[in-house]
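Please put together the full structure from these sequences, using the hints given.
Keeping their order, the protein sequence lines are chains P and U. Quick note: the first sequence, position 83, residue 83 per our numbering, numbers continuous. Quick note: the second sequence, position 26, residue 26 per our numbering, numbers continuous.
In short, the hints are calculated from the structure, not lab data. Source: prediction; values computed, not measured.
Label-pair ranges, simulated between beta-carbon atoms:
| no. | chain 1 | residue 1 | chain 2 | residue 2 | range |
| --- | --- | --- | --- | --- | --- |
| 1 | U | E133 | P | D74 | 53 to 61 angstroms |
| 2 | P | R22 | U | R7 | 27 to 35 angstroms |
| 3 | P | A613 | U | R16 | 42 to 50 angstroms |
We put the CB at the ideal spot given by N, CA and C, even for glycine.
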Amino acid sequence: MSHRYIGASVVRREDPRLLTGRGRFVDDLELPGMLHMAVCRSPYAHARLRAVHLEAARQSEGVVAAWSYADIADISRPFPMFLSHPALKAKMYEALARDVVRYAGEPVAVVAAQDRYLAEDALQRIVVDYEPLPAVASLAQALAPGAPCVHPDVPDNVAAHFAQSVGDVAQAFAGADYVHELELRMQRGCGHPIETRAAVAQYDPFEETLTLWATIQAPHRMRRALAALLDLPPQRVRVIAPDVGGGFGPKAQLHPEYVLVALLALRLRRPVKYTEDRLEHFLATSQEREQLHRVQVAFNRDGTLVGLRDTMYIDVGAYTPAGVITPLITQTTIPGTYRLPHLHLETYVTFSNRVPMTVVRGAGRSQAVFVMNRVVDHVARTLNLDPAEVRLRNFIPREAFPYDVGLLYRDGKPMIYDSGDYTACLHKALEIFDYPAMRREQEAARRQGRYVGLGMATFVEGGGLGPYEGAVVRVEPGSGRVVVHSGAGTQGQGHETVLAQIAAEVLDVDLAQVEVRTGDTAGLAHGMGTFGSRVAVLGGNAVYVAAQQVRAKALRLAASLLQVPPEEVGWENGRAFVKREPARGYHLGELAHVADIGMGFGMAAPHPEWEPALEATHYFKAERATYASGVHLVAVEVDVETGQVRVLRYVVVDDCGRVLNPLLMRGQVLGGVCQGISEVLYEELVYDEEGQLLTGTFMDYHLPTAMEMPAVEVDHVETPSPLNPLGSKGAGESGTIPAQAALVSAIEDALAPLGVRLYEFPLGPRRLWELIQQARSA
Amino acid sequence: MNPQQQRVVSVIVNGREYTGTVPTRKTLADFLRQDLRLTGTHVGCEHGVCGACTVLLDGQPVRACLLLAVQAHGARLETVEGLAAADGTLHPLQQAFQQCHALQCGFCTPGLLMTLKAFLQENPAPTAEEVREAIAGHLCRCTGYLHIIAAALQAAAQLRGERA
Numbered sequence: 001m002s003h004r005y006i007g008a009s010v011v012r013r014e015d016p017r018l019l020t021g022r023g024r025f026v027d028d029l030e031l032p033g034m035l036h037m038a039v040c041r042s043p044y045a046h047a048r049l050r051a052v053h054l055e056a057a058r059q060s061e062g063v064v065a066a067w068s069y070a071d072i073a074d075i076s077r078p079f080p081m082f083l084s085h086p087a088l089k090a091k092m093y094e095a096l097a098r099d100v101v102r103y104a105g106e107p108v109a110v111v112a113a114q115d116r117y118l119a120e121d122a123l124q125r126i127v128v129d130y131e132p133l134p135a136v137a138s139l140a141q142a143l144a145p146g147a148p149c150v151h152p153d154v155p156d157n158v159a160a161h162f163a164q165s166v167g168d169v170a171q172a173f174a175g176a177d178y179v180h181e182l183e184l185r186m187q188r189g190c191g192h193p194i195e196t197r198a199a200v201a202q203y204d205p206f207e208e209t210l211t212l213w214a215t216i217q218a219p220h221r222m223r224r225a226l227a228a229l230l231d232l233p234p235q236r237v238r239v240i241a242p243d244v245g246g247g248f249g250p251k252a253q254l255h256p257e258y259v260l261v262a263l264l265a266l267r268l269r270r271p272v273k274y275t276e277d278r279l280e281h282f283l284a285t286s287q288e289r290e291q292l293h294r295v296q297v298a299f300n301r302d303g304t305l306v307g308l309r310d311t312m313y314i315d316v317g318a319y320t321p322a323g324v325i326t327p328l329i330t331q332t333t334i335p336g337t338y339r340l341p342h343l344h345l346e347t348y349v350t351f352s353n354r355v356p357m358t359v360v361r362g363a364g365r366s367q368a369v370f371v372m373n374r375v376v377d378h379v380a381r382t383l384n385l386d387p388a389e390v391r392l393r394n395f396i397p398r399e400a401f402p403y404d405v406g407l408l409y410r411d412g413k414p415m416i417y418d419s420g421d422y423t424a425c426l427h428k429a430l431e432i433f434d435y436p437a438m439r440r441e442q443e444a445a446r447r448q449g450r451y452v453g454l455g456m457a458t459f460v461e462g463g464g465l466g467p468y469e470g471a472v473v474r475v476e477p478g479s480g481r482v483v484v485h486s487g488a489g490t491q492g493q494g495h496e497t498v499l500a501q502i503a504a505e506v507l508d509v510d511l512a513q514v515e516v517r518t519g520d521t522a523g524l525a526h527g528m529g530t531f532g533s534r535v536a537v538l539g540g541n542a543v544y545v546a547a548q549q550v551r552a553k554a555l556r557l558a559a560s561l562l563q564v565p566p567e568e569v570g571w572e573n574g575r576a577f578v579k580r581e582p583a584r585g586y587h588l589g590e591l592a593h594v595a596d597i598g599m600g601f602g603m604a605a606p607h608p609e610w611e612p613a614l615e616a617t618h619y620f621k622a623e624r625a626t627y628a629s630g631v632h633l634v635a636v637e638v639d640v641e642t643g644q645v646r647v648l649r650y651v652v653v654d655d656c657g658r659v660l661n662p663l664l665m666r667g668q669v670l671g672g673v674c675q676g677i678s679e680v681l682y683e684e685l686v687y688d689e690e691g692q693l694l695t696g697t698f699m700d701y702h703l704p705t706a707m708e709m710p711a712v713e714v715d716h717v718e719t720p721s722p723l724n725p726l727g728s729k730g731a732g733e734s735g736t737i738p739a740q741a742a743l744v745s746a747i748e749d750a751l752a753p754l755g756v757r758l759y760e761f762p763l764g765p766r767r768l769w770e771l772i773q774q775a776r777s778a
Numbered sequence: 001m002n003p004q005q006q007r008v009v010s011v012i013v014n015g016r017e018y019t020g021t022v023p024t025r026k027t028l029a030d031f032l033r034q035d036l037r038l039t040g041t042h043v044g045c046e047h048g049v050c051g052a053c054t055v056l057l058d059g060q061p062v063r064a065c066l067l068l069a070v071q072a073h074g075a076r077l078e079t080v081e082g083l084a085a086a087d088g089t090l091h092p093l094q095q096a097f098q099q100c101h102a103l104q105c106g107f108c109t110p111g112l113l114m115t116l117k118a119f120l121q122e123n124p125a126p127t128a129e130e131v132r133e134a135i136a137g138h139l140c141r142c143t144g145y146l147h148i149i150a151a152a153l154q155a156a157a158q159l160r161g162e163r164a
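Encoded structure:
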């Protein structure tokens, strides 16, 4: 084999167009006669809609349509949910609010006009008569006795309550040396891709087909939902996710605006575009992270963990578009890298009058990793043991894999860790960090009155989530070009490159000979989408298997043409040949030609054994999730007078199974780390008591810039997954998942001389300064 | 003020002259994207923070979302579409961005390239810290910036005629 690409740092093929301004983002699309949609949103977090007056808006210049719920009542229905759960009291929104608005930013009316400026002019002329209702603005308020109800038929605001247990917690607690209680909190944040949400819809009456171009992660899911909501057969709906400017979770969700733009296009018979502005993104795009955990941990004098009880409260906002996916992921991610034979995990999901909570990169895992690593640090501090040592004493050992945690994961399947070597990961990280030397430096810094701290966090990430992802691999007759279609959309991960690497290696052809198309429902009949660190695992292995099927088919065809047994046919450089007579053979393009017309190269009649079409479709099914793991080690210095944190060093050792492209893998890790650090130090969505967002611009909600990003050292341990032929596990979220925990661990360590204990994030300068002051005055 | 008031705007974009009539309230970003169909300039926040819409106006980086098209009347503009050579050869910055994996989704990239182009003309031999500061007005959610800094340093070396 001469073309080895899997595992190579191949530079990206998508880059030239993106670097020269020839990217194909949704807002770049311009169609003849296109209208522009603008959305009238509720200014109240909770209100009854008395009347929506659209007459003036309809008279406004350039306006073609202005609709409220009354105008779509004939077709409107609650949106389908992605995953249901028996414990969940599901509540779904419709495309426009019917009679009650339940979060500030909820769509109340839409306008379609000749351009966006005119559409926004018309919004100013819409008059809505609201009767404000008391709002539930926080998790604490949702649970408070006598709180207002978000949904009248859920009087306690509890959307779901479910629990899982392993072993016998009560007995374990009774026999433990220590039982301690901790309370931990995380606040809301959001994904903030730099491209906001956008969609263009067009109905073609000739083809009787609705096409939606949208900035989304899961085109097939969108197609299923649109077909169901608009009463269209799915084969008459085509959804395309072209270049998408970052996803991070919210773009995998079904938001009302996509349905509105499609419905307008369908009814007005004109293309319609909607591009969300950043202020709308803050208000109306789903968010994540806020949780409260009450933990009891039982441990022994030697630092061994004996058992753990966690009661978790998580707020989903006004509706449940992502069901209980995030609560389930957090619940099951709690034990992580640690052997915890006795566990009781209880989850309460609440409603509030805020934009729905769905997922943001990491999707509930960061919070669980935060909880567990804070617990382990607490144990270390209580017993005056080194935090690395406590981790090593409690790790699931290498020889225990596959390791059954005893829980059911979010895919409804037993949580069985497929492979891993947590001890090797931590040892490697400690070595790169030169931990003993760093501890000595920390001592020296403390003697100088500097607050330097070292922190760490280990994690397990269930990714590669099922049920499946598909691929088509097709060889073009004559040219021999290989075309790969993958169902999952791409938002910058480099799928066009990585999937091409896999196909090119299997078929032993030059990378330039492979073309990858992603995110188009016309390319592949079925698909799921890009989320849960799954594309390299499921999409990658689908390409791998389909390419192997193509190669096997090509070999059989060549053998029959060459009139030799298949085992006497060799394969190299995309060419089949007789092993004993290498000059006799056929190129991939020639074989595709024969497979296309059944004859060729002087043959008069079709060969009796010919198999038409040199292509294969394979849907790779996930038996269970794959479990990536790793460790982050951080050194920080805290300025105790200002609460400012400076990251001095950051080391990542990651095990995502077999690495398909180290360069792109490093890119994923760095971006993830940046986001995780930012969630501790910079980002926080603040709502007032009435459910109004106070941090609705980039001036108030800070994303990190190059000035804030520390240097990061990245290395790997590879324990290939036995669950798929490539041995891959998810990698897209692992940079973010342990970053919050590792950073807070380091900050607490820096402030240890002051006795500051940290059980929350974010920890911006003001909050950290407050906690420092509290500790100093205590 | 009549928001529909129209004005004639003449600009030179990437060496080519354009004249058009635009509403006075139209932003420069919308003018470039919608009227001139130069969609490489992206709009990320429309309040001047993210930097995705950065173009060069008479050689200086400006935010096309915070300028009106009429304010650019008579100016010489450069956008990402004009960065590569006429024969398609990528600018050293573009080459370095690809080699260093300095972009993922590519949405913020055009703005970064334009800022860096102006910056490297001003400071052909920057330190990493100076590059950080130069791009501090740009938000990128994908990369964590480190590869962008590496790419800028590599492009600077190439522009100075050194082997990267």
